[in-house]
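So the protein lines, in turn, are chains A and B. Under my numbering, the first residue of the first sequence carries the number 1, and numbering increases by one thereafter. Under my numbering, the first residue of the second sequence carries the number 1, and numbering increases by one thereafter.
Think of the hints as simulated: they come from the structure by calculation, not from any bench. From a predicted model like this one, the values you see are computed outputs, not experimental measurements. Where a beta carbon is used, it is the ideal one built from N, C-alpha and C, also for glycine. Just to be clear, a hint being listed does not mean it is correct.
Pairs of lysine to any residue residues, derived as SDA-like cross-links and limited to a Cα-Cα distance of at most 25 Å, are as follows [stated by the list, open to error]:
1. K96(B) / N191(A)
2. K168(A) / K101(B)
3. K96(B) / P30(B)
4. K96(B) / L21(B)
5. K101(B) / A10(B)
6. K105(B) / E62(B)
7. K18(B) / G51(B)
8. K96(B) / K168(A)
9. K177(A) / P192(A)
10. K101(B) / N59(B)
11. K83(A) / G71(B)
12. K3(B) / W244(A)
13. K96(B) / Q64(A)
14. K168(A) / G71(B)
15. K177(A) / S47(A)
16. K101(B) / R128(A)
17. K100(B) / Q99(A)
18. K3(B) / Q64(A)
19. K96(B) / E212(A)
20. K101(B) / E124(A)
21. K101(B) / E81(A)
22. K82(B) / E209(A)
23. K83(A) / N63(B)
24. K177(A) / E209(A)
25. K96(B) / P142(A)
26. K96(B) / D61(A)
27. K96(B) / E124(A)
28. K3(B) / Q99(A)
29. K83(A) / S47(A)
30. K96(B) / H50(B)
31. K3(B) / L80(B)
32. K101(B) / T126(A)
33. K18(B) / Y49(B)
34. K96(B) / E76(A)
35. K96(B) / W244(A)
36. K96(B) / D97(A)
37. K168(A) / N63(B)
Just the calculated beta-carbon pair ranges, DEER-fashion [stated by the list, open to error]:
38. Y73(A) / K101(B): 45 to 53 Å
39. R164(A) / E48(B): 16 to 24 Å
40. L17(B) / Y114(A): 35 to 43 Å
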Amino acid sequence: MPQQYDIVIVGGGPAGLAAGLYAARGRRRTVLLERGVIGGQIALTASIENYPGIENISGFDLAQAMLRQAESYGLEVHYVEAKALERREPLWVVRTDDQEYLARAVIIATGAEYNRLGVPGEEELTGRGVSYCATCDAAFFPDQEVAVVGGGDAAIDEGLFTTRYAAKVYVIHRRDKLRASRILQERAFANPKMSFIWNTVVTEIVGQESVEGVRLRNVVTGQESFLPVKAVFIFIGHRPATGWLQGLLPMDNGGHIVVNAWMETALPGVFAAGDVRQHAARQVATSVGDGVTAAIAAERYISEHFPD
Amino acid sequence: MAKPLDVSDAQFEAEVLKSPLPVLVDFWAPWCGPCRMVAPIVEELAEEYHGRVKFVKVNTDENLDTAMRYGIRSIPTLLLFKDGQLVGSVIGFRPKSELKKLIEKALH
């Protein structure tokens, strides 16, 4: 028996939670589908200090607060994975492995997944020294030497967190300067435990039971080297989680969903918000804004197309 | 109510290794988001397997020795022990169905 809703939101990060709050307060019967952890990427973020009005909070706690707030107005949350979206005039169907959700409007807020290096040893040693979450795993390398791969905000922020435990943190970056925000760069350069290896890529992660080191190649000189480390924390960007929508609606070359200023996709009644959409600024604050915009647009769509 | 039992480094041998029942050990820490998502699932499993499997939690902030002894490099990690032997593990946040598979394997 398919369950019927006004609005189905796919994804429980900041965009989905903000959309859920507005949809529920609009007294629309709304369900949010989350396949993993509420908060999405921010569930793994140790501290967020650029969400206006909140000076410092862990990403997990911020997401839990958003969840409680939305649920207090009646948002339902189901921990299932959306596998397909299809039209059943005049509704949409969001399918999971064993259920169907009927919706008048759908808000896609599936966010982005972290990129993997794609080098030998990475998959085999994941959870054995290879990590995509320094906040989760840094404590298991007390007084050890570890590596962080990447040069953006996530890499530097997580690298700084890792210095609480590690003896030395090598930041391995393929360019000769960081992409991270200036304030994080200043902190990183001032931190005596942090050391930078520029113009360098990881070609292999080496280890039997656990990580023993990384093979490196300097992209300018071509010189190869080996760096003994006990852990490799990888933060090399994200790609939108839109595989399940392939061919269904227009996306850019990177797989981001094309939307207009009201977060409307090319499909009637289908909206996209947050990191999953084209030209997202990929911040908690902008994702929240996207979610709110999408919920307001969805409300307007439902009022126009389903006058009660 | 069958709530998972908090176990320290000092209690690990008595509560886990010498347990007559299979034991699922949830290694976690308060600041770890995914760990806090695993917790309610482990609590549900503790209810479902009450009397057949024992469920314990090890806070790795306070009990790093046990975590290091079993080579934990990432949390959440769930380890399953039977007759004092490590018989299975799951690293990272995984759906309930996968955790059930791990437990069922040890029961048969």
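Outcome of the hint check:
Distance check on the hinted pair: K96(B) and N191(A) sit about 41 Å apart at the alpha-carbon level, beyond 25 Å; violated. With a C-alpha separation of about 39 Å, the suggested pair K168(A) and K101(B) falls outside the 25 Å cut-off, and the hint is violated. With a C-alpha separation of about 20 Å, the suggested pairing of K96(B) with P30(B) holds against the 25 Å cut-off. With a C-alpha separation of about 21 Å, the suggested pair K96(B) and L21(B) falls inside the 25 Å cut-off, and the hint holds.
As the CA atoms of K101(B) and A10(B) are separated by approximately 30 Å, the hinted pair breaks the 25 Å bound. For the hint pairing K105(B) with E62(B), the CA-to-CA distance comes to about 30 Å; that exceeds 25 Å, so the pair is violated. Between K18(B) and G51(B) the alpha-carbon distance is near 16 Å, which keeps this suggested pair within the 25 Å criterion. Under the criterion of a C-alpha separation no larger than 25 Å, the hint pairing K96(B) with K168(A) is inconsistent with the structure, at around 37 Å.
The hinted pair formed by K177(A) and P192(A) meets the criterion: a straight-line CA distance of about 18 Å does not exceed 25 Å. Between K101(B) and N59(B), the direct Cα distance comes to roughly 24 Å. Compliance with the 25 Å bound is thereby established for this hinted pair. Taking the CA atoms of K83(A) and G71(B), the gap is near 35 Å; set against the 25 Å cutoff, the hint is violated. As the CA atoms of K3(B) and W244(A) are separated by approximately 37 Å, the hinted pair breaks the 25 Å bound.
As the CA atoms of K96(B) and Q64(A) are separated by approximately 20 Å, the hinted pair is consistent with the 25 Å bound. In summary, the hint linking K168(A) to G71(B) is supported, as the alpha carbons are separated by about 20 Å, within the 25 Å threshold. The hinted pair formed by K177(A) and S47(A) meets the criterion: a straight-line CA distance of about 24 Å does not exceed 25 Å. Annotation: proposed proximity of K101(B) to R128(A) holds, straight-line Cα distance about 22 Å (limit 25 Å).
A C-alpha spacing of about 21 Å is found between K100(B) and Q99(A), which places the hinted pair at or below 25 Å, so the restraint holds. Note on K3(B) and Q64(A): the hinted pairing holds, with a Cα-Cα distance of about 22 Å set against a maximum of 25 Å. Between K96(B) and E212(A) the alpha-carbon distance is near 32 Å, which puts this suggested pair outside the 25 Å criterion. Straight-line distance between C-alpha atoms of K101(B) and E124(A) comes to about 21 Å, which keeps the hinted pair within the 25 Å bound.
At most 25 Å may separate the alpha-carbon atoms for a hinted pair to count; K101(B) and E81(A) meet this at roughly 19 Å. Distance check on the hinted pair: K82(B) and E209(A) sit about 22 Å apart at the alpha-carbon level, within 25 Å; holds. Taking the CA atoms of K83(A) and N63(B), the gap is about 40 Å. The hint is violated against a cut of 25 Å. Only pairs whose Cα atoms come within 25 Å are accepted, and K177(A) paired with E209(A) is rejected, the gap being roughly 34 Å.
Only pairs whose Cα atoms come within 25 Å are accepted, and K96(B) paired with P142(A) is rejected, the gap being roughly 31 Å. A C-alpha spacing of about 22 Å is found between K96(B) and D61(A), which places the hinted pair at or below 25 Å, so the restraint holds. Taken as a hint, the K96(B) and E124(A) pair is honoured in the structure, with Cα atoms around 23 Å apart against an allowance of 25 Å. Taken as a hint, the K3(B) and Q99(A) pair is broken in the structure, with Cα atoms around 30 Å apart against an allowance of 25 Å.
Restraint check for K83(A) and S47(A): the C-alpha separation of about 32 Å exceeds 25 Å, so the hint is violated. Among the hinted pairs, K96(B) with H50(B) is consistent with the structure: their alpha-carbon atoms are about 16 Å apart, no more than 25 Å. A hinted pair counts as satisfied when its Cα atoms are at most 25 Å apart, and K3(B) with L80(B) qualifies at roughly 17 Å. For the proposed pair K101(B) and T126(A), the alpha carbon gap of about 21 Å is at most 25 Å, so the pair holds.
Simply put, K18(B) and Y49(B) have alpha-carbon atoms about 19 Å apart, close enough for the 25 Å limit, and the pair holds. Among the hinted pairs, K96(B) with E76(A) is consistent with the structure: their alpha-carbon atoms are about 19 Å apart, no more than 25 Å. With a C-alpha separation of about 22 Å, the suggested pair K96(B) and W244(A) falls inside the 25 Å cut-off, and the hint holds. Between the alpha carbons of K96(B) and D97(A) the distance comes to roughly 15 Å, so the proposed pair stays at or under 25 Å and holds.
Between the alpha carbons of K168(A) and N63(B) the distance comes to roughly 23 Å, so the proposed pair stays at or under 25 Å and holds. Checked against the hint of 45 to 53 Å, the C-beta distance between Y73(A) and K101(B) comes to roughly 37 Å, which is inconsistent with it. For the pair R164(A) and E48(B), the supplied restraint of 16 to 24 Å is violated, since their beta-carbon distance comes to about 38 Å. At about 36 Å, the CB distance of L17(B) to Y114(A) agrees with the hint of 35 to 43 Å.
In summary, the structure is inconsistent with hints 1, 2, 5, 6, 8, 11, 12, 19, 23, 24, 25, 28, 29, 38, 39 from the numbered list given earlier, while agreeing with the others.
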